[in-house]
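Undergrad: In order, the protein sequence lines correspond to chains G and V. Under this note's numbering, read the first sequence as residues 1 to 692, first letter to last. Under this note's numbering, read the second sequence as residues 693 to 1018, first letter to last.
The set of hints was computed from the structure by calculation and includes no laboratory data. Be careful, since some hints might not be right.
Here are the simulated DSS-like cross-link-like pairs (lysine-lysine), alpha carbons at most 27 Å apart as the crow flies [unchecked claim]:
#: 1; chain 1: V; residue 1: Lys-893; chain 2: G; residue 2: Lys-399
#: 2; chain 1: V; residue 1: Lys-893; chain 2: G; residue 2: Lys-417
#: 3; chain 1: V; residue 1: Lys-889; chain 2: G; residue 2: Lys-402
#: 4; chain 1: G; residue 1: Lys-495; chain 2: G; residue 2: Lys-577
#: 5; chain 1: G; residue 1: Lys-554; chain 2: G; residue 2: Lys-502
#: 6; chain 1: G; residue 1: Lys-294; chain 2: G; residue 2: Lys-499
#: 7; chain 1: V; residue 1: Lys-889; chain 2: G; residue 2: Lys-417
#: 8; chain 1: G; residue 1: Lys-134; chain 2: V; residue 2: Lys-752
#: 9; chain 1: G; residue 1: Lys-169; chain 2: V; residue 2: Lys-818
#: 10; chain 1: V; residue 1: Lys-893; chain 2: G; residue 2: Lys-134
#: 11; chain 1: G; residue 1: Lys-178; chain 2: V; residue 2: Lys-805
#: 12; chain 1: V; residue 1: Lys-957; chain 2: V; residue 2: Lys-981
#: 13; chain 1: G; residue 1: Lys-178; chain 2: V; residue 2: Lys-718
#: 14; chain 1: G; residue 1: Lys-178; chain 2: V; residue 2: Lys-762
#: 15; chain 1: G; residue 1: Lys-502; chain 2: G; residue 2: Lys-402
#: 16; chain 1: G; residue 1: Lys-134; chain 2: V; residue 2: Lys-766
#: 17; chain 1: V; residue 1: Lys-766; chain 2: G; residue 2: Lys-399
#: 18; chain 1: G; residue 1: Lys-552; chain 2: G; residue 2: Lys-512
#: 19; chain 1: G; residue 1: Lys-499; chain 2: G; residue 2: Lys-548
#: 20; chain 1: V; residue 1: Lys-718; chain 2: G; residue 2: Lys-134
#: 21; chain 1: V; residue 1: Lys-766; chain 2: G; residue 2: Lys-178
Incomplete in silico selection of chain G near chain V, CB under 7 Å [what the hints assert, rightly or not]:
#: 22; residue: Pro-176
#: 23; residue: Leu-179
#: 24; residue: Asn-425
#: 25; residue: Val-428
#: 26; residue: Thr-473
#: 27; residue: Gly-475
As the structure is a computational prediction, the values presented were derived from the model and not from experiment. Backbone N, C-alpha and C fix where the C-beta goes; we use that ideal spot for every residue, glycine too.
Residue-level listing of the chains:
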Amino acid sequence: MDKLKIKALYYLQAMLGANCQFREGQWEAIEAIVVRRERVLLVQRTGWGKSIIYFLATKLLREQGFGPTLLISPLLSLIRNQIAMAERIGIQARTINCSNLKDWSEIEESLRCNICDILLISPERLNNSHFVQKVLPEIAGQIGLFVVDEVHCISDWGHDFRPDYQRIKRIIQMLPPKLPVLGTTATANDRVIGDVVSQFGQNLTVLRGPLARESLRLQTIRLQNQGERLAWLVENLPKLPGSGVIYCLTVPDTERVALWLRQNGFQAEAYHAGNDRELDRPALEKAFIQNEVKILVATVALGMGFDKPDIGFVIHFQRPGSVVAYYQQVGRAGRALDRAYGILLSGAEDDDIQNYFINSAFPNTRTMLDILTVLEQNEGLGFYEILSRVNVTPSLCEKALKLLEVDGAVGITRGHKSTYFRTPNRWVPDTVRVERVLNLRRAELAQMQTYVEHPGCLMQFLQMALDDPSPQTCGRCANCRGKGFSSEVSQELVKEAEKFLKGATITIQPRKWLPKGLLWDQKVIIPNDEKNAEGRSLCYYGDAGWGKLVQKGKYQDERFSDELINASVNLITNNWKPEITWVTAIPSRRHIHLVPDFAQRLARQLNLPYLTILERINDAPEQKTMQNSSMQARNVINTLAIIHKIPDGPVLLVDDILDSGWTLTLAGYLLRTNGSGNVYPFTLAQATGRNA
Amino acid sequence: MIISPDSQAMLLLCSQIGLTIDTELKPLTLREWNPLARKLSLLSWRPGDLLGLEANDLQKHLEISEENAKRFSKLLMRGGGLAIDLERLANLGIHPLTRVETDYPQRYRDRLKDSAPAVLFYSGNKELLGQPGLAVVGSRNLDDVGRSCAEFVGNACGFSGLVLYSGGARGVDTISMKAALENRGFIVGVLADSLEKTIRKPEYRSALSKGDACFVTNYHPSAGFSVGAAMGRNRLIYTLADYAIIVASDVEKGGTWAGATEALKANWLPVFVLEHPSMPQGNRVLLSKGANSLPFPLPVHPADLKHWLDEHIISKNPQNTQPSLF
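Take these sequences, add in the hints, and give me the full structure.
TA: So this is what it looks like as structure tokens:
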């Protein structure tokens, strides 16, 4: 054994314990990086020890006098136990991200003094002028090793599309020879590997391991409606070992499932990155790791880098969009257990949600060109200035700007307010590429649909879908064993779950601001006495429960059913109890009678007078075609008028579906500023798409 | 963007990219690079052969001091930082152009020899660098005569398909560039500062993307203004053009004066000075030092200016000597 390997082994044992030996491939990777200073692609499942490679390689390169390692990862921080492991061999890791601004000067200092060995950054930071012009010069740009985590994102065929990885691809092409690069991923099929190989160039060592998870017992169960699946959870969770994760596709679903489970006596918490409710995610993770919370009901926000070895089960409440996503999520279970369960529930709403995700994945070409046009006419514009000039949702606008930035068509100057400007680079829409990515997403979805129905070994199915070199039947999944959890649920429990779904309290938070660009350039606070009170909605649009009835009433019957009236009366009088003295409705030109008719019938049941106060003065485009606050608010304010005297008592303001909330906010604002009392908004449903 | 190993090595050794002004590690000056280039050439090496070499190799092969060998090797180890910065710049529309590349302006090689900048950064159409054209120079603050002359030269370039070369600064430069672009002409701005900021201006951006403009600098693309830089830059304007027209100059001070006297002495190209009763003192002295006269009111239609200049040269033709290596 050569001297370097002995030294590396010594460090390995210092990190992991005296008897530890290299796994197959680990030394080979380190040798290629440190001795031959070549490029390495590592495709190994999570938990294999990819971080050990770059810790040891960094240690050995640093000893030879090379600069620190730059670790590019979408993860914002190294996992605490990894940092502790690195420190055992004297490796200092630091991370620079947008949330630790206060630490930057200390980190820059540690780079200057050459004591920082690994600098972790997100891909976006590569284009940050402070980072490029202030941080990198601290080490005079002397990077000893490039590590690219989640390297599959370099490929268009990768399962998640991160525009900033295009940047990494171009940087790698400009790196001089003898600067080692390590790309790591847990999952990449042949096509993705081929792509990465062509980007990384010759002399690339590819190390690829098997994907099978030996403790995992897979099963798929189809239960059409949410009520059945909620009931299934309550019946089956007690049979599952230890703690676990339930994945949902949308934020409201996580909240709802967690609430339902708590009501049925489980320690369950929702975990997501939604902004409606600030979650203390680190605290939740900690409580879950320490088994204080038994069940996390999570969106994909619980993702990469989260490492809990004793997760007993991963259940999917809805079906994910691709085999890779599913494999990664289900693969969190049972890392250090002999037996763990991966159960995929799927239902009627899955495809709708997934198709929504696919269709809103890319802004359309028209939007991109519109944004470029407004930027071309100006020297620089803020985000909201763009929004007030282009009819696009904030999230799509953000996506569009990101794509344009990575394509070099748009630049950003960062300050307390970022300014976007047009660069002289030409931009032509790459429709072929967008189509290719979208088609890939559709194919992935179709593959996932096949998985649900697959009669053979489920683990083998996953392995084959991921081009595992040695797929084998597992002998453990429900299909191999011919038995698993029952898909039968007690009808009583289903009824209870449906009642729960129908009785959920869904609030309408009053908007506090008038958007930028409506009255003035700035956002304007709505004074308290002109602002709506907190409102209520009966359900989420299209949901199980009342959602389907709302859909039917609006688009099929053109009349909302008595069932919905009764449910609304019940919610208002027994649950919500706002102090109201009269009822009015939001008028529409397209469905003239729909909402007023509903509001009148509702008022009659509530024993309150119904008054027609508001009218549409001209034909506005449907509010849902307005893509952002500025456009929405302007659309409302230009078209609503007060046509009758307003009583001074508090009022119930009725609409059918809550979309942006601007209609209610501005109608309420008009009512209040013209003499009415408190305005309580009520809608039959809330659209969920935008918040999903 | 693909960047050749030769250019990579030159950027690492000779440019400020990825370094701060106050850093201890200093890139090579031209005075240091030129002898190194000659050594490489004697060894039949290319600059790219230096990549990946460590200090002791450098010392052995290049016969340089240990201190310099360490410094060069440190500079050469900056490849990671360089790639990141070049990618960021390319996204903004800014690219490097080193003396080793074939599309480096031949006029710099021919006229500046060893003092041709090792590294340039440009945005826009680099083919314009060195195309037939007129250089206009003069102060930032102009009188009415100066303004109309600046506009005239801009128009002249637009009408006759010549490139307008200027410093891309306020005053003469801005007025003539605007006139040239309005007449569908081509412009080249040789900047002393902030290439990054200049190309953001809407009036230049569309010209840049249409290929009608090129902005170039031998400084860091994000560098701020410094008087020294502006002085050193003037020769890079003259040496791209066929004729230079000096609109207004002080005597014995300022960049215009320094650049004009240098150009007259070096005899890179015929230099014309605007002559009129209220001309600044500098113009008068330059004329007495042998500059050609361009009388005001201007003698011809802008479209015929080039022809008129051809016929009114009194100074001798520039001579040729050996151009620089890489």
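Undergrad: Run every hint past the structure and note whether it holds.
TA: Structure-based check of each hint:
1. V/Lys-893 x G/Lys-399: holds (25 Å)
2. V/Lys-893 x G/Lys-417: Measuring from Cα to Cα gives roughly 19 Å; hence the hint holds.
3. V/Lys-889 x G/Lys-402: Answer holds: V/Lys-889 to G/Lys-402 is near 21 Å, not above 27 Å.
4. G/Lys-495 x G/Lys-577: holds (26 Å)
5. G/Lys-554 x G/Lys-502: holds (19 Å)
6. G/Lys-294 x G/Lys-499: Distance ~25 Å between G/Lys-294 and G/Lys-499 Cα, so the pair holds.
7. V/Lys-889 x G/Lys-417: holds (18 Å)
8. G/Lys-134 x V/Lys-752: violated (34 Å)
9. G/Lys-169 x V/Lys-818: holds (25 Å)
10. V/Lys-893 x G/Lys-134: holds (25 Å)
11. G/Lys-178 x V/Lys-805: Between G/Lys-178 and V/Lys-805 the Cα gap is close to 33 Å, so the pair fails against 27 Å, i.e. violated.
12. V/Lys-957 x V/Lys-981: holds (9 Å)
13. G/Lys-178 x V/Lys-718: Roughly 23 Å between the alpha carbons, so the hint for G/Lys-178 and V/Lys-718 holds.
14. G/Lys-178 x V/Lys-762: holds (18 Å)
15. G/Lys-502 x G/Lys-402: Status violated; Cα separation ~40 Å.
16. G/Lys-134 x V/Lys-766: holds (18 Å)
17. V/Lys-766 x G/Lys-399: violated (39 Å)
18. G/Lys-552 x G/Lys-512: Violated, because 33 Å separates the two Cα atoms, which is more than 27 Å.
19. G/Lys-499 x G/Lys-548: holds (15 Å)
20. V/Lys-718 x G/Lys-134: Holds - the C-alpha atoms of G/Lys-134 and V/Lys-718 are around 16 Å apart, at most 27 Å.
21. V/Lys-766 x G/Lys-178: holds (14 Å)
22. Pro-176: With Cβ-Cβ at 4 Å, under 7 Å, it holds.
23. Leu-179: This interface hint holds because 5 Å falls under the 7 Å limit.
24. Asn-425: Interface hint status for G/Asn-425: holds (5 Å vs cutoff 7 Å).
25. Val-428: With a closest approach of 12 Å, the G/Val-428 hint is violated.
26. Thr-473: Hint on G/Thr-473: violated, closest Cβ of chain V at ~46 Å, above 7 Å.
27. Gly-475: Since chain V brings no Cβ nearer than about 48 Å to G/Gly-475, farther than 7 Å, the hint is violated.
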